[in-house]
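Enquirer: Residues per chain, in single letters:
2 protein chains.
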Amino acid sequence: MVTRLDQREGNFEPRFAAFLSTKREVSDDVDRAVRDIVADIRARGDAGLIGYTRRFDRADITSRLRITPEEIAQAYETSDPAVVDALRFARERIASHHARQKPVDDRYTDAAGVELGSRWTAVESVGLYVPGGTASYPSSVLMNAVPAVVAGVERLAMVVPAPDGVLNPLVLVAADIAGVSEIYRIGGAQAVAALAYGTETIAPVAKIVGPGNAYVAAAKRQVFGTVGIDMIAGPSEVLVVADAQNNPDWIAADLLAQAEHDASAQSILITDDAGFADAVAEAVERQLKLLPRGEIASRSWADFGALILVDSIDAAVPLINRIAAEHLELAVADPDALLPKIRNAGAIFLGAYTPEVIGDYVGGSNHVLPTARSARFSSGLSVLDFVKRTSILKLGPDQLRALAPAAIALAKAEGLDAHGRSVSIRLNV
Amino acid sequence: MVTRLDQREGNFEPRFAAFLSTKREVSDDVDRAVRDIVADIRARGDAGLIGYTRRFDRADITSRLRITPEEIAQAYETSDPAVVDALRFARERIASHHARQKPVDDRYTDAAGVELGSRWTAVESVGLYVPGGTASYPSSVLMNAVPAVVAGVERLAMVVPAPDGVLNPLVLVAADIAGVSEIYRIGGAQAVAALAYGTETIAPVAKIVGPGNAYVAAAKRQVFGTVGIDMIAGPSEVLVVADAQNNPDWIAADLLAQAEHDASAQSILITDDAGFADAVAEAVERQLKLLPRGEIASRSWADFGALILVDSIDAAVPLINRIAAEHLELAVADPDALLPKIRNAGAIFLGAYTPEVIGDYVGGSNHVLPTARSARFSSGLSVLDFVKRTSILKLGPDQLRALAPAAIALAKAEGLDAHGRSVSIRLNV
Numbered sequence: 001m002v003t004r005l006d007q008r009e010g011n012f013e014p015r016f017a018a019f020l021s022t023k024r025e026v027s028d029d030v031d032r033a034v035r036d037i038v039a040d041i042r043a044r045g046d047a048g049l050i051g052y053t054r055r056f057d058r059a060d061i062t063s064r065l066r067i068t069p070e071e072i073a074q075a076y077e078t079s080d081p082a083v084v085d086a087l088r089f090a091r092e093r094i095a096s097h098h099a100r101q102k103p104v105d106d107r108y109t110d111a112a113g114v115e116l117g118s119r120w121t122a123v124e125s126v127g128l129y130v131p132g133g134t135a136s137y138p139s140s141v142l143m144n145a146v147p148a149v150v151a152g153v154e155r156l157a158m159v160v161p162a163p164d165g166v167l168n169p170l171v172l173v174a175a176d177i178a179g180v181s182e183i184y185r186i187g188g189a190q191a192v193a194a195l196a197y198g199t200e201t202i203a204p205v206a207k208i209v210g211p212g213n214a215y216v217a218a219a220k221r222q223v224f225g226t227v228g229i230d231m232i233a234g235p236s237e238v239l240v241v242a243d244a245q246n247n248p249d250w251i252a253a254d255l256l257a258q259a260e261h262d263a264s265a266q267s268i269l270i271t272d273d274a275g276f277a278d279a280v281a282e283a284v285e286r287q288l289k290l291l292p293r294g295e296i297a298s299r300s301w302a303d304f305g306a307l308i309l310v311d312s313i314d315a316a317v318p319l320i321n322r323i324a325a326e327h328l329e330l331a332v333a334d335p336d337a338l339l340p341k342i343r344n345a346g347a348i349f350l351g352a353y354t355p356e357v358i359g360d361y362v363g364g365s366n367h368v369l370p371t372a373r374s375a376r377f378s379s380g381l382s383v384l385d386f387v388k389r390t391s392i393l394k395l396g397p398d399q400l401r402a403l404a405p406a407a408i409a410l411a412k413a414e415g416l417d418a419h420g421r422s423v424s425i426r427l428n429v
Numbered sequence: 001m002v003t004r005l006d007q008r009e010g011n012f013e014p015r016f017a018a019f020l021s022t023k024r025e026v027s028d029d030v031d032r033a034v035r036d037i038v039a040d041i042r043a044r045g046d047a048g049l050i051g052y053t054r055r056f057d058r059a060d061i062t063s064r065l066r067i068t069p070e071e072i073a074q075a076y077e078t079s080d081p082a083v084v085d086a087l088r089f090a091r092e093r094i095a096s097h098h099a100r101q102k103p104v105d106d107r108y109t110d111a112a113g114v115e116l117g118s119r120w121t122a123v124e125s126v127g128l129y130v131p132g133g134t135a136s137y138p139s140s141v142l143m144n145a146v147p148a149v150v151a152g153v154e155r156l157a158m159v160v161p162a163p164d165g166v167l168n169p170l171v172l173v174a175a176d177i178a179g180v181s182e183i184y185r186i187g188g189a190q191a192v193a194a195l196a197y198g199t200e201t202i203a204p205v206a207k208i209v210g211p212g213n214a215y216v217a218a219a220k221r222q223v224f225g226t227v228g229i230d231m232i233a234g235p236s237e238v239l240v241v242a243d244a245q246n247n248p249d250w251i252a253a254d255l256l257a258q259a260e261h262d263a264s265a266q267s268i269l270i271t272d273d274a275g276f277a278d279a280v281a282e283a284v285e286r287q288l289k290l291l292p293r294g295e296i297a298s299r300s301w302a303d304f305g306a307l308i309l310v311d312s313i314d315a316a317v318p319l320i321n322r323i324a325a326e327h328l329e330l331a332v333a334d335p336d337a338l339l340p341k342i343r344n345a346g347a348i349f350l351g352a353y354t355p356e357v358i359g360d361y362v363g364g365s366n367h368v369l370p371t372a373r374s375a376r377f378s379s380g381l382s383v384l385d386f387v388k389r390t391s392i393l394k395l396g397p398d399q400l401r402a403l404a405p406a407a408i409a410l411a412k413a414e415g416l417d418a419h420g421r422s423v424s425i426r427l428n429v
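From first to last, the protein sequence lines are chains B and S. Each residue of the first sequence is one higher than the one before, counting from 1 in UniProt numbering. Each residue of the second sequence is one higher than the one before, counting from 1 in UniProt numbering.
Simulated from the structure, these hints should not be mistaken for lab results.
It does not matter which identical chain is used: a pair holds within one copy or between any two.
Here are the simulated SDA-like cross-link-like pairs (lysine to any residue), alpha carbons at most 20 Å apart as the crow flies:
hint, residue 1, residue 2
1, Lys-289, Ser-424
2, Lys-102, Trp-120
3, Lys-412, Asn-428
4, Lys-341, Trp-120
Whenever a hint applies, use it, and build me the whole structure from the sequences.
Expert: And the structure:
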């Protein structure tokens, strides 16, 4: 049964707090198994990759680790041209939006004559993990690869498992359209280890991004430090804030688009109209029957879905900020007026004609966004995830003389004599 | 014995690779103990904090969890006014440099009439961990707190343990100067748990930053997800690139300023002149005898120090980028000419009059920087660590009609029918 909460009821606050702290993920304890796999790949390289792929993907990749240009050409041939065009269209929109995110270098001289600066450089090489099977989404390839290319990453190495030798051709096409430089037919913890430490065939990368199952997530955590990693995303979620001036069928469709992702996904409606909430709930039940993935969506809706009734849309603001949703739709009369009050959200979709799904594919913004309330402290994937900043400092003798007394006083106060000496020794000239 | 490497020798590459992969940290296995402490604080709140503080810090903090304004006033009175002034001087320089890092919102309409945007908001509340005892550095309080204040964080809650009831008054003064809003007399994993989950006295925060020992690092890793965390810093390091036109004593002083931090710190000199390398090595030995922390610095230098001889300063560039040092000094004739070739470094100090120590205290840039080669994929602490980005999308009926075909094609190709319906349902009007 979908959860129903009413702000006007006396026990709202404890029930809302409990709802917020619901865990939607079972964390498999796979750390030990992953540790063994990572150690084995470090020790045996390609041979290890071939062994695990035989075992887990039931495929022999001896001398076929890397996907060939011919295979990519073939993938284009077997793909629906309309979908290939849609991928190209999406790539253009993602690339032009992300181009605006490139940070600008700063170099200046302050009043004391000290030169300061911040300089941005691209990460040299990035590994991109792409899941196999049903979760092998070409749109996710674009969303992870395009920002890296826009950032200036020179080498983008993708891994994607081919269970029973089967690959989604659209994933290869998306990789090619995005500008991926190398693709390897491997997955799981072994692929993450190969990207982090390198093998005979695969040169190591500096950072690994992309979604994956519990084994992939555990492997990313374990290699973190040796390489950088992106956030570890949890199940997806949408919060729709809608007044009664909406078509309940449209809102129900949006809630179900989220729910069909997987049984741990979460769809929440906040509305100020009880009758509208009921109408949406009915529309959800009606539409569920039409969906090929209706069983998954039903479980998600029953286990984690929620209808929250509020006094007014304004009264919803603190709840919206506490939920800190990955996706937030504002289907209200004046969404731009509500926008400045929203503090925590991964992405905001304004008005009735901006269903969240547009952001999944072709809006231009990224669909890799902070889940599980982490929008309180983190951001979606962007060009910034593929660059790093170096700070720059330059003093001449005069500037050193001006700054020395404070530096020496602080070094002394912290008991770090060699620190003080490194400054004072330059003054005795 | 300090490591000596020579680029002109045949076995340089394997020796340099081995040097790069040297581990400088023993990772204590404290995960289980920390897990128990975190669970206990979640269950018992303040009572748990009081119990662990009695046990680990040998102090009774019942009804004294929070540091009072009177204690802060007293800290000012017991501090050297020159050091207080130095802290104020440092705060001003840090604040004005970091003010330039504030990201700018972006909102625009593209050629298709789609409105897009990126909006930055400050993290609402941040916890700052400050170690007790000898590693209780007032400069680190400034470096962690000032960027948060500049970012617009409203609530900045600091924790600092007082072993045997003793606190460094300069840490309280630095916190006050930086604009910290609350200070609690607690430390260890229990303090991290209190910040993440809250207790009767301490409201939970959204992100925790600041250095700490193995217990603090493990606790931060465990609460990550519930709150954001900063990077887990390893031992500090400096790479000095110097030609023969330098005073060996100055360079030796810089190497030792790093080495005195702790026995796991690392100081590396790269030079193109064997005689200069010898002169620096001699100066190091001479200066070591003068240092109060000479024993620590000696161990660091002997265990992890290195003198690397190169053919030419230009030939050093690939090595510099592979070392990816936290601190990089370019003490060469034309450091600005070398600068564009350097890709991986946390902070770069240009010329003979910019010792790294200036950046530790009063340069204005941050001294919290990526260690252990992580400058290949990450950046030093900045205002960006205290803000997060929300992406914004707004379509009208015309824009939806223009983008719909590609979105529907991709949804269908990915087998996500409800995604397609969420778009198509809005077109039938």
